[in-house]
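Mind docking chain B on chain A? Use the hints.
Chain by chain, the residues:
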Amino acid sequence: MELIVNILSWIFILAGSFFIVIGALGLMRMPDIYTRMHAASVIDTTGAGFLVLGLILQAGLSLIALKLLFILAIFFFTGPVVSHALAQAALAAGVEPELAEDRRGQTTATPAKDGKSKEIP
Amino acid sequence: MFIAATIAVLVALTLAVSRAILGPTVFDRVLAGNSVGTLAILLLAAVGFLTGRPEWLDIALTYGLLNIIGTLAVLKFFRYGDLAYDQEDGA
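Those protein sequences? They're chains A and B, same order as listed.
The letter at position 57 of the first sequence is residue 57 when you use our numbering, and the numbering goes up by one with no holes.
The letter at position 4 of the second sequence is residue 4 when you use our numbering, and the numbering goes up by one with no holes.
Same shape as in the complex, but just chain A (with noise of 0.2 Å):
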């Protein structure tokens, strides 16, 4: 049973350091500020979950895990915070995304099985 909770638990933290190092490479290669975004909430969310829970499992019933599950739950709350004020921030700021396409108000001809063209909202 100890071997069995060892072995679960340090799959959790190698997933997670192998996480955290993959959102860490996107934040550096990403080209612009909503794409490094989106690879900087891989180390809050699946990165810092699988290594949070990797260590609960090695500390076991206990008010260490007490206070991991608070950091997994102070993450939860505030990185979608954040995500949002510094996404909002940018935008009003005039950042434009680099990869995005404005499709707003344009009526692109995607033929439909009818034949007749649809309209993208």
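There may be inaccurate statements among the hints.
Part of the chain B face toward chain A, derived, beta carbon under 8 Å [said to hold, decoys possible]:
| hint | residue |
| --- | --- |
| 1 | A8 |
| 2 | F27 |
| 3 | A32 |
| 4 | S35 |
| 5 | A60 |
| 6 | R79 |
None of these hints come from the bench; they were simulated from the model.
Positions of the beta carbon are idealized from the N, C-alpha and C atoms, including for glycine.
Here is chain B on its own, set in the frame of chain A:
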């Protein structure tokens, strides 16, 4: 195993700090700063387990609360140029 997590977090911290230095706009730097805060919390947790002193989690919790307040304060400052801005005041 904790040392692997510590090394991974340190690598990620290096990348995040270099993004904070390079970042073309202020928002890139804010995003990188927020990531650095998150990674600092994870580093505290991992190193606490590595050295057998998980009491450092208290400090990690405090960092987590400071992180969001700091990020939102910086964002508000760069949007309004004033931390005491109030919409009804119009100041």
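Evaluated hints:
1. For the restraint placing A8 of chain B at the interface with chain A, the shortest Cβ-Cβ distance is roughly 3 Å, inside the 8 Å limit, so the hint holds.
2. Because the closest C-beta pair between F27 of chain B and chain A is about 4 Å apart, less than 8 Å, the hint holds.
3. Because the closest C-beta pair between A32 of chain B and chain A is about 7 Å apart, less than 8 Å, the hint holds.
4. About 5 Å separates the beta-carbon of S35 of chain B from the nearest beta-carbon of chain A, less than 8 Å, and the hint is met.
5. Taking 8 Å as the C-beta contact cut-off toward chain A, the hint placing A60 of chain B at the interface holds, the least distance being around 6 Å.
6. The beta carbon of R79 of chain B is positioned within 8 Å of a beta carbon in chain A (closest approach about 5 Å), and the interface hint is therefore held.
Every hint, counting from the list given before, is met by this structure.
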